[in-house]
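Peer 1: Chains as they are written, first to last, in my numbering: chain H, 1 to 436; chain E, 1001 to 1436; chain A, 2001 to 2436; chain C, 3001 to 3160; chain R, 4001 to 4160; chain Y, 5001 to 5160.
Among the clues, some could well be false.
Listed next, the stretches of chain Y that the computed footprint assigns to chain A, with coverage defined by at least 3 CB atoms under 8 Å from CB atoms of chain A [claimed, not checked]:
(1) 5005–5012
(2) 5025–5037
(3) 5080–5092
Restraint-style ranges between C-beta atoms, simulated for each label pair [unchecked claim]:
(4) M3060/C x G2093/A: 29 to 39 Å
(5) I4093/R x A3095/C: 20 to 30 Å
(6) K2120/A x E5118/Y: 51 to 61 Å
Worth flagging that the hints you see were computed from the coordinates, not collected in a lab.
Glycine included, every Cβ here is placed at the ideal spot set by N, Cα and C.
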Amino acid sequence: MNKLDITKLLRPAEVHRDVYTSDAVFAEEMKHLFRNSWIYVGHDSQIPNKGDYYSTTIGDQPVLMARHTDNTVKLMYNRCPHKGTQVVIDTKGNTGKFFRCPYHAWSFKTDGSLLAIPLKKGYENTGFEKSCSSKGMTPVENVKNYRGFIFARLNDSGADFEEFFGGSLSSLDNMIDRSPQGRLEVVGSPLRYMHHCNWKMLVENQTDTCHPMVAHESSAGTVKDIWDKEGVDGPKPMAVEVILPFMSPYEFFEGMGIRTWDNGHGHTGVHHSIHSDYSVAPGYFEQMTEAYGEERAREILGENRHNTVYFPNMMIKGPIQSLRLFKPVAADKTLVESWIFRLVGAPDMLLERTAMYNRLINAPTSIVGHDDLEMYERAQSGLMSDGMEWVNIQRLYEEDEADNPVATYNGTTEAQMRNQFRAWEKFMVMSMDGAQ
Amino acid sequence: MNKLDITKLLRPAEVHRDVYTSDAVFAEEMKHLFRNSWIYVGHDSQIPNKGDYYSTTIGDQPVLMARHTDNTVKLMYNRCPHKGTQVVIDTKGNTGKFFRCPYHAWSFKTDGSLLAIPLKKGYENTGFEKSCSSKGMTPVENVKNYRGFIFARLNDSGADFEEFFGGSLSSLDNMIDRSPQGRLEVVGSPLRYMHHCNWKMLVENQTDTCHPMVAHESSAGTVKDIWDKEGVDGPKPMAVEVILPFMSPYEFFEGMGIRTWDNGHGHTGVHHSIHSDYSVAPGYFEQMTEAYGEERAREILGENRHNTVYFPNMMIKGPIQSLRLFKPVAADKTLVESWIFRLVGAPDMLLERTAMYNRLINAPTSIVGHDDLEMYERAQSGLMSDGMEWVNIQRLYEEDEADNPVATYNGTTEAQMRNQFRAWEKFMVMSMDGAQ
Amino acid sequence: MNKLDITKLLRPAEVHRDVYTSDAVFAEEMKHLFRNSWIYVGHDSQIPNKGDYYSTTIGDQPVLMARHTDNTVKLMYNRCPHKGTQVVIDTKGNTGKFFRCPYHAWSFKTDGSLLAIPLKKGYENTGFEKSCSSKGMTPVENVKNYRGFIFARLNDSGADFEEFFGGSLSSLDNMIDRSPQGRLEVVGSPLRYMHHCNWKMLVENQTDTCHPMVAHESSAGTVKDIWDKEGVDGPKPMAVEVILPFMSPYEFFEGMGIRTWDNGHGHTGVHHSIHSDYSVAPGYFEQMTEAYGEERAREILGENRHNTVYFPNMMIKGPIQSLRLFKPVAADKTLVESWIFRLVGAPDMLLERTAMYNRLINAPTSIVGHDDLEMYERAQSGLMSDGMEWVNIQRLYEEDEADNPVATYNGTTEAQMRNQFRAWEKFMVMSMDGAQ
Amino acid sequence: MMKPTEKELADFIIAEARLIDERKFLDWLALFADDGIYWMPLEWDQEEEKLTTSLLYEDMLLLRTRVQRLEGERTFSQKPKSRCQHLLQAPQIDAIDHDANLYQTYTPFHYAETRFDEQVILAGWARHTLSVMEGELKIRKKRVDIVNCDAPHRNIQLFV
Amino acid sequence: MMKPTEKELADFIIAEARLIDERKFLDWLALFADDGIYWMPLEWDQEEEKLTTSLLYEDMLLLRTRVQRLEGERTFSQKPKSRCQHLLQAPQIDAIDHDANLYQTYTPFHYAETRFDEQVILAGWARHTLSVMEGELKIRKKRVDIVNCDAPHRNIQLFV
Amino acid sequence: MMKPTEKELADFIIAEARLIDERKFLDWLALFADDGIYWMPLEWDQEEEKLTTSLLYEDMLLLRTRVQRLEGERTFSQKPKSRCQHLLQAPQIDAIDHDANLYQTYTPFHYAETRFDEQVILAGWARHTLSVMEGELKIRKKRVDIVNCDAPHRNIQLFV
Ligand code: FES
Ligand code: FES
Ligand code: FES
Ligand SMILES: [Fe+3]
Ligand SMILES: [Fe+3]
Ligand SMILES: [Fe+3]
């Protein structure tokens, strides 16, 4: 496909269904969008020691993240330069001083560079040194460790990290600052939840504030109903505290506000959010005051953003220290990974709430998850209908929107979805030929 | 593909194997054939009350059939105009006065037209009213309720209902007239039987009179063998009565005759059929006489057509009140639905035989079904062979056949298959460009 | 694809990953490579009696091998000329004097030629005799029975049998000569082992002498470890004798040597092999001497070739009387069949070892098999990485290699892999247009 | 045996499944009473037996037909033959009525059927109605409900 | 019953699964103690209950919510409804402590859940901790480990 | 124990499967007699043990090799490790011969093996030949037939 094919798929407030259903479009996303963008890879607390590694994917590319001998985090394509074998396939482990391919024992330093080949003399006078294989595993050059969060851009050219994310990093900062030590640690394994729908439906949903009171009436509404009936006086149980806000009225979501940034990033909960009224963890504020001083502590904890979308495929919740990665598998298949973090130096009660939130909202066994997956998959099959070819994202659309990428809106706007698709077009076509 | 690509796949008495195996041809069938033809959707007894709905597919298109407030049957694409969600996915139910999308609660009248949108003000001054989404769910305009049987044509242009079916409606009439009240009712759920073969193989088989005594020797032949050995005198059990005729000799099938109509319709059993000699249900003839007068009653019951094929993908058996729908899923995948009907006002014994026939012949657990599926799937894989590229349907071929679409033949002819493929070409290319 | 597309995928000592991963390349392999080459079909001991048949595939083509009334082995496409039904699908059986299609009972002689059609008169004056269907099942003309081993070439033109295999037949001869009667018999069913990788990875592995001590350290190495610890004095158990040699040092494999022949054939173990030191079966040498005379007997038994690759997709082990067929299913799917043979007239002990070798090395339940499959499948997914597009087969590469197809090398060379890919190109393009 | 024990009832159910797995179909038929019925409903919680469609509702004549067909020379859908395997939870005894000579059992099961390289696994519950006849337990009715009774199945050729 | 026998413990486990299969969810809830917990770990050999992610870790309030939701008018993911089936190996009694009033059982199972035309089969082990309360066995904790706990599952909507 | 009861025989079979599921492979090996054999035929109704191909036909030396390999540092096909689960029907006692000290059991099973995100379920029957040795039951031969023995399997890495 060429630039024109892509641009034809978008209108200011409508998206052609092929964007969600076409295998060809998906292939272009892997080839362009996911290489021109900065993609979240993992957290450096997953590989604390030299030789630790973590293997994952960026789009459809298998990559390997390792803690190098110089203690920096290195990223390389997980592919042996000899015959293509994935050097490790365990998601995590420690490889010691070097990686060793299990097929013929070629070995590589933890930055991927070639260390040794058995019977090396077999390559003398063969021109081997001129082959691409002689360099070792191909490194990914553009890697950024932002306060522990590892991002990478596969293509050499493109926006640099700060330019790409701009003001949106403030949400990551707030999540990290909530640790008195300014440090997060990944806890446990991520929830892995397979969806038979396009990855973008999930990303759009993160700032879709008009669906909770409808789609989640069955889950949050039932909790509310049961709590109203059975609820004793005094403090709500943690689970109730977490789920009830999903049933807030439209006014609540209108009032929370939505902010957009350049390059498709944005967040809900500018003024308040469903996380604002969680009960306080004893001792936490004191720890924060000690670390930051009272004013700054209030500032940090006063910021209760709901969902922050990092274009193209990640979402974080600062106040609950969770991160969701929407991994594209196929045009109609998406793997959602839901990670949680410990606020180093903060009370366990916060981690307990984070873990509870994760299983109550993000698990394949979660009733809230059931509500959402049902919508996505109904949409994926509904879009096969030729009765209408366009998806509508027109709510609170303003003509000059595109001119002010950084802006704040009424919380029920679909502006952030439109913001995402403007970025989608930008990073799809930037490495495309004009015609093909 | 263009017209020429399609026409090259057919010869007067031979069919190129790509017609059965090519994904590209299948895609064109969905895009042209299944939209230019009148396709059976369902029966209005499935949705007797206002607000009742039934969801199904036409080709690869999800549609929703509903009983509207004015008591008429409405058909619409099952796709929310907002973000594409299928509004209902339950096959059947009652939605009350309106449909409500589960994602953001847009609501629609039971004819699909937009009823309401929450926070509607969010669309003011956005140009929303000019978008396709503002109209609601897209209706299917060309719908015909023929004595309870609902048919639809997705494309605006094409043959109208009477022109499309012509004389073939006489078989539907006979099935319906067999009710003293001239009314049928769907009974129970359909059998659903998945076949890994092309849908046309099943349709051709409906008028393939040279296979029963061969392919069904294992089932019908065994019943015959056991009955000959064990059979006591006196009346045959219903099951024996139903299965034995499958083993009739070639002469029987030659004599039964085959009739073809224009546009690919046709039927076996012009003069008699395997259904002719069923024992009489006590009281039934009296009921019929009372309803129609003796002469007309004899006329109705004297007509014992075997299989009537309604091009492209439906077959009915008037004397046994059953209907089979051959739903295309992929070039090599077909879902067969087998439905049965109650003759309103007739003795239960007839329904008992109908139900028995359905499970004995059409179930995935039926030995007769096993015989047939084995042939289809062996053919689907056999056609992968490049040793021969053409399927032969030459039996009793006559050069001038095409000039007399409405005709009656020796019962072992393959003329009806040829008739189907002439219609296949017609309805494939009528909406195609000459070249592409 | 055209010639140029194919040739661009190969370099003298590198292979583009698309050769293993592209569906388009796979389709061309089925269309050209597997029809221009002589492919192993089966062994005539599988169909000893008239009317015996064996059904299998050549590339993606279903074929049927039968013992004809004249006692010769006939091969035909397994496809009924009427509507394409596979005439038999049982892998083996006896059909008596003729094949009979189960759908409409057309019957065929055991060479495929049409025998009879029920109601044949139905085809009079229809032009049927001019149709391709009137000839019966399409025979495969180019069939060779080489001392019991049946090979076929689907395309009419191309290299003839002797030219195609040249000197490589010496390995088959040696395997057969090991029977005092010069006759082999298939024993039992083949192991069937599904691999999610490209078929060529398995073929290359057959002469990959640098992987055993690495990839099989877990299996052979553990046997060695346990045997060193537990091993009593005296003779090794048969299993130990079979597995230990896999752990031989590089020098052993360097010394064994590799020989290549024209058209992609070649073998390891020119001078000695992992099969050289098996203990002797009592009485066997006497049987051989009686049959061949002592000198010739020593000559036969002195030849202990390791793996002989018959391009494109078969491997035999003469000293252990086993044959492996690497059947392509898709670009990333390969079915491996591992067959064993009885040396007619030789002691059972040899068959016992052959059977043991098969289950210890080639079974889906075999630890040695687990080692290898892990490598292939890691490579198949690793090749999806765009960090490097070429597979390296440069070990001991010599510039003028291509000029001397028949040659002997140091046993650790990758020359036979290069030899295979030169043949791959040759038999891919020989039936292609120059451009397209 | 005039009054079967719970163990005898359970052993009978277990033995029945084993006969099918071992393809001893004639012995299996012999476990049915002359008026025995083998029923697989099409719908969840189906009540109606005869006036609506079922997957299977067969008397001894039809069951004998099936068994004879499975070994038939011209039974093409059994070339090659299917194989099956039953895995039973311990049968529960739902009713014992010595006076009425009626015994009800409830047996959750998984059923694997394979042919060529395809294997399907069905999950469900078997409900047996048994009576003692001439001193032996006989099947008056075997009702088999599979959890996905309304799914689009392909061939199910042996006995669940 | 003050001191349950091995058979009573096993029968309880078997009855529990049947209640789920028969969608008698309220009766099923009644088998739990007020402080009962239903736990499905996310990781193999997981020890930690609260300070790491689990697939499920629910008290009675949340379980009641699930049950009420399953029948809800606006529970779209249950239109149509899911169905499930349990197949249990005979429960093993791992611990009997009458003094502590604690009983441990271990039950390998396969679980089939189906909706529309999809069926998933989960394999795992259920570990029950039971106590006698007011003369009846109650579930203090039900721990369910599935063999592929860390696989990317789609919806699991009923009770394993 | 000189003369095992039917219950002891059944419990032994159930305990054996549990040891495999819990990856207590050394304890599992200890259940075999020194001349113990673990056999998985390749063909349906296979009689021949040594002069034709089997999926598995292993003595203690080879079984010890497998067990040691599973924990090996360089066992790449077990990085990550496979997991498995057995679900057994109640073992049936086919033969008790105290004089010959031979006991035969028959156990239908489903076996789930998983690695990464793949899960395979095998259905079959285990036939154990047991003897009492030094007061303990030992496995002389374990024969495992799977219903699709001739299907094209991928890796089966643990013990069915
Ligand atoms: S493939 Fe990695 S060393 Fe050969
Ligand atoms: S998708 Fe239907 S209301 Fe939004
Ligand atoms: S298909 Fe073979 S005889 Fe008709
Ligand atoms: Fe949601
Ligand atoms: Fe038929
Ligand atoms: Fe190997």
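Peer 1: With reference to the structure, classify each hint as holding or not holding.
Peer 2: Verification of the hints:
{"no.": "1", "hint": "5005–5012", "in the structure": "violated (count 0)"}
{"no.": "2", "hint": "5025–5037", "in the structure": "violated (count 0)"}
{"no.": "3", "hint": "5080–5092", "in the structure": "violated (count 0)"}
{"no.": "4", "hint": "M3060/C x G2093/A: 29 to 39 Å", "in the structure": "holds, 32 Å"}
{"no.": "5", "hint": "I4093/R x A3095/C: 20 to 30 Å", "in the structure": "holds, 27 Å"}
{"no.": "6", "hint": "K2120/A x E5118/Y: 51 to 61 Å", "in the structure": "holds, 53 Å"}
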